[in-house]
Amino acid sequence: MNHAKGDLLTIDVGAREAETTEIDDVLATFVGGRGAATKLAHDRIPFDADPFGPENRVYFSSGPLQHSQMSFTGRMNMTGLSPLTDGLCSTNAGGYLSRNFVDTGHSVVEVTGASDELLAVHVRDGDGDAPTVEFEEVPELAGAEVPDVTEAMRERHGLESEHLATVGPAGENRVRFACVMTSDSRAFGRGGLGAVLGAKNVKCLTFEGDSRASVDLPEGIQSEIHREAATTDDIMKRQGTTNGTQFINDEFGLPTRYFSEMSFEGVEGINGDAVEEKKYKKAACSMCAFACKLPTRDEERGVETEGPEFETVMAFGSNTGVDDVVDVMISNDRCDDLGMDTISAGDTVAAYLASEDEFGNAELVHETLEKIARREGIGDTLAEGVARCHDELGVENWSVKGLEFAAHDGRAIHGQGLSYAVANRGADHMYSAFLSLEYNGEVDPEGLEGKPELLIERENRQVVRDSGIFCAFSSSYVDDDAKAELLDVDFADLLAMGDRVVELERHFNNRRGFDRGDDRLPYDLPGFESALDEYYELRGWNSDGTVPAGHVAGGSGGVADD
Amino acid sequence: MQVVFRAYGPVRDVVGAKTVERELPPDATLEDLLSGLLADHPDLEVLLYADGELGDAVSLTVDGVNVSQLDGLETALSAGDEVRAAPPIHGG
Numbered sequence: 000m001n002h003a004k005g006d007l008l009t010i011d012v013g014a015r016e017a018e019t020t021e022i023d024d025v026l027a028t029f030v031g032g033r034g035a036a037t038k039l040a041h042d043r044i045p046f047d048a049d050p051f052g053p054e055n056r057v058y059f060s061s062g063p064l065q066h067s068q069m070s071f072t073g074r075m076n077m078t079g080l081s082p083l084t085d086g087l088c089s090t091n092a093g094g095y096l097s098r099n100f101v102d103t104g105h106s107v108v109e110v111t112g113a114s115d116e117l118l119a120v121h122v123r124d125g126d127g128d129a130p131t132v133e134f135e136e137v138p139e140l141a142g143a144e145v146p147d148v149t150e151a152m153r154e155r156h157g158l159e160s161e162h163l164a165t166v167g168p169a170g171e172n173r174v175r176f177a178c179v180m181t182s183d184s185r186a187f188g189r190g191g192l193g194a195v196l197g198a199k200n201v202k203c204l205t206f207e208g209d210s211r212a213s214v215d216l217p218e219g220i221q222s223e224i225h226r227e228a229a230t231t232d233d234i235m236k237r238q239g240t241t242n243g244t245q246f247i248n249d250e251f252g253l254p255t256r257y258f259s260e261m262s263f264e265g266v267e268g269i270n271g272d273a274v275e276e277k278k279y280k281k282a283a284c285s286m287c288a289f290a291c292k293l294p295t296r297d298e299e300r301g302v303e304t305e306g307p308e309f310e311t312v313m314a315f316g317s318n319t320g321v322d323d324v325v326d327v328m329i330s331n332d333r334c335d336d337l338g339m340d341t342i343s344a345g346d347t348v349a350a351y352l353a354s355e356d357e358f359g360n361a362e363l364v365h366e367t368l369e370k371i372a373r374r375e376g377i378g379d380t381l382a383e384g385v386a387r388c389h390d391e392l393g394v395e396n397w398s399v400k401g402l403e404f405a406a407h408d409g410r411a412i413h414g415q416g417l418s419y420a421v422a423n424r425g426a427d428h429m430y431s432a433f434l435s436l437e438y439n440g441e442v443d444p445e446g447l448e449g450k451p452e453l454l455i456e457r458e459n460r461q462v463v464r465d466s467g468i469f470c471a472f473s474s475s476y477v478d479d480d481a482k483a484e485l486l487d488v489d490f491a492d493l494l495a496m497g498d499r500v501v502e503l504e505r506h507f508n509n510r511r512g513f514d515r516g517d518d519r520l521p522y523d524l525p526g527f528e529s530a531l532d533e534y535y536e537l538r539g540w541n542s543d544g545t546v547p548a549g550h551v552a553g554g555s556g557g558v559a560d561d
Numbered sequence: 000m001q002v003v004f005r006a007y008g009p010v011r012d013v014v015g016a017k018t019v020e021r022e023l024p025p026d027a028t029l030e031d032l033l034s035g036l037l038a039d040h041p042d043l044e045v046l047l048y049a050d051g052e053l054g055d056a057v058s059l060t061v062d063g064v065n066v067s068q069l070d071g072l073e074t075a076l077s078a079g080d081e082v083r084a085a086p087p088i089h090g091g
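Here the protein sequences line up with chains A and B, keeping their order. Heads up: the first sequence begins at 0 in numbering that gives the first Met the number 0, then just goes up one per residue. Heads up: the second sequence begins at 0 in numbering that gives the first Met the number 0, then just goes up one per residue.
So that you can see chain A by itself, here it is in the shape it has in the complex:
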């Protein structure tokens, strides 16, 4: 099997020490990316760890495809114990970091401990005179926004943003949905791992080197996929993920005014056409000829950003009642610079607008983002996220396991609703991406009959995606056979690996107290309890949503005995 190559580099930022460990057995079993990081996190983060404590660990990891020159592979994985969900969480960013990361020669970089001074941590390949890891105290960057950190690293070390993983003021201030930014505007978005780095007093990590390991990937299929990516006239190349906004609003449901409605009358002001109108050039991730990113600007109001993508259009558009795409662009830009996940930030601001009866007040949206990132005034309350602040606001709790909802509305596409409920990461759409089956008419969006089995397959499939690591938007261009050929393994074996990873996440969360009671939605779906029973049974789990004691899922590398 083709798997990620390189050792595990462990960096203790408290002791300011680093060491390497061979993890070939982990990589050979879990491929790389999310798979390998989840196995390590499960085994190395104490089950009772405080997400903000020095004992929590965060993992940066690549897969074998990040050694390729193929489109749809410009991705990186992060895993850790989330301060938002209180469970294990993996999150995924595009941009250009992945190739600089594999150039260090490491397959996984683990950060543990907590520093007494704000640090920039420089990770190199250990080749030549420079140490593998260097700790630079950067107290002058306290409170700095992401572009200012990039500027500092550029001036001091000649490193551009594609070498950086950075937290903004939100991460430093432990905003529970703070993200980690790279390549200026790409985010390890969901689950608040930026706040974990912030709690460790790490402002940024940099990655550079010249020691990329060789992975023997087949050439022909890479060229074929790359050519297709370059030549297709897929609408995503024009409008990115926003191409479906109007369709989803008109035919299914677009969360509106803090989920109180499912259709937005102002959708034409924020749909794919509106975003495309503000797009001024093409942009991509590393090695990708598909180039679906969205550099946008509005000269009149002086904003230049990348995006908004569809999820941000929902969170800062329909869900806050804002119908001007430029206002959404401003929210998007401020989240990038302050270092906050746009979905959770937007939903949380929407909850605040609901409590104040201020839907549509874009100025208040923008002001509130600044307060959240710096925990000023009401921002301190909102920085805790919807699950922790909804009582104080007097609004409903639109989250699952503490994670705010993504745009694809489970009230309209029920299988996606079930997915939100059971996902170990909470209400995130990419955990299974079940939504595509329902939107595209392959599965009836109504009801849950027969869906648990399909959902399990979809969840396992997305672990393969996140471990390879393939871009989520490669699915029309990289089919199962292609994945199997690239990774030199039967696709069924990859799905079995996915099954083990989902179970490792579940087992970790169980040990922190999660069970069936956490697989909940803020709305009813027909046959929900039966579907939960079926899901657990097909996973081989207990009816209370826990992994059986001593359960080993599929041989080596599975969940260890308790």
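Since the hints were derived computationally from the structure, they do not count as laboratory data. There may be inaccurate statements among the hints.
Counterexamples of contact, computed for chain A against chain B with all Cβ distances above 12 angstroms [stated by the list, open to error]:
# : residue
1 : Asp-115
2 : Arg-237
3 : Glu-310
4 : His-428
5 : Asp-532
6 : Arg-538
7 : Ala-548
Below, computed lysine to any residue pairings styled on SDA-like, alpha-carbon distance capped at 20 angstroms [what the hints assert, rightly or not]:
#  : chain 1 : residue 1 : chain 2 : residue 2
8  : A       : Lys-482   : B       : His-89
9  : B       : Lys-17    : A       : Glu-264
10 : A       : Lys-236   : B       : Asp-42
Glycine included, every Cβ here is placed at the ideal spot set by N, Cα and C.
For chain A, the structure is supplied; the task is to place chain B on it using the hints.
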């Protein structure tokens, strides 16, 4: 009989309308509907077809069911059917 064609994304750009109503003979198939639309809007060809078959650039459904799970181009249409053409959604 009358069927409704609802278009999103690039298909709507070509057709120039969100909804088009078409009068078809009682035994009409999806191919008959698309042929009529192609006659009026030749640029639909590259969106809908690849190598003479339905391509995957557009998700086509009849009353919400993807035509790949029906009879493809041979899918029989009935009065009042709604045929939808939309970009496939993968997430994001």
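Okay, the hints, checked on the actual structure:
1. Against the 12 angstroms criterion, A:Asp-115 stays outside the reach of chain B, whose nearest CB is about 40 angstroms from its own CB.
2. Annotated as non-interface, A:Arg-237 brings its C-beta within 12 angstroms of a C-beta of chain B; the closest such distance is 8 angstroms.
3. Separation of A:Glu-310 from chain B is inadequate, the least Cβ-Cβ distance of about 7 angstroms not exceeding the 12 angstroms criterion.
4. Separation of A:His-428 from chain B is inadequate, the least Cβ-Cβ distance of about 6 angstroms not exceeding the 12 angstroms criterion.
5. A:Asp-532, annotated as away from the interface, keeps every beta carbon of chain B farther than 12 angstroms; the closest lies near 27 angstroms.
6. The non-interface label for A:Arg-538 is consistent with chain B: the shortest C-beta to C-beta separation is roughly 22 angstroms, beyond 12 angstroms.
7. Separation of A:Ala-548 from chain B is adequate, the least Cβ-Cβ distance of about 35 angstroms exceeding the 12 angstroms criterion.
8. For the hint pairing A:Lys-482 with B:His-89, the CA-to-CA distance comes to about 17 angstroms; that is within 20 angstroms, so the pair holds.
9. For the given pair, B:Lys-17 sits about 16 angstroms from A:Glu-264 by alpha-carbon distance, which is consistent with the 20 angstroms threshold.
10. Between the alpha carbons of A:Lys-236 and B:Asp-42 the distance comes to roughly 18 angstroms, so the proposed pair stays at or under 20 angstroms and holds.
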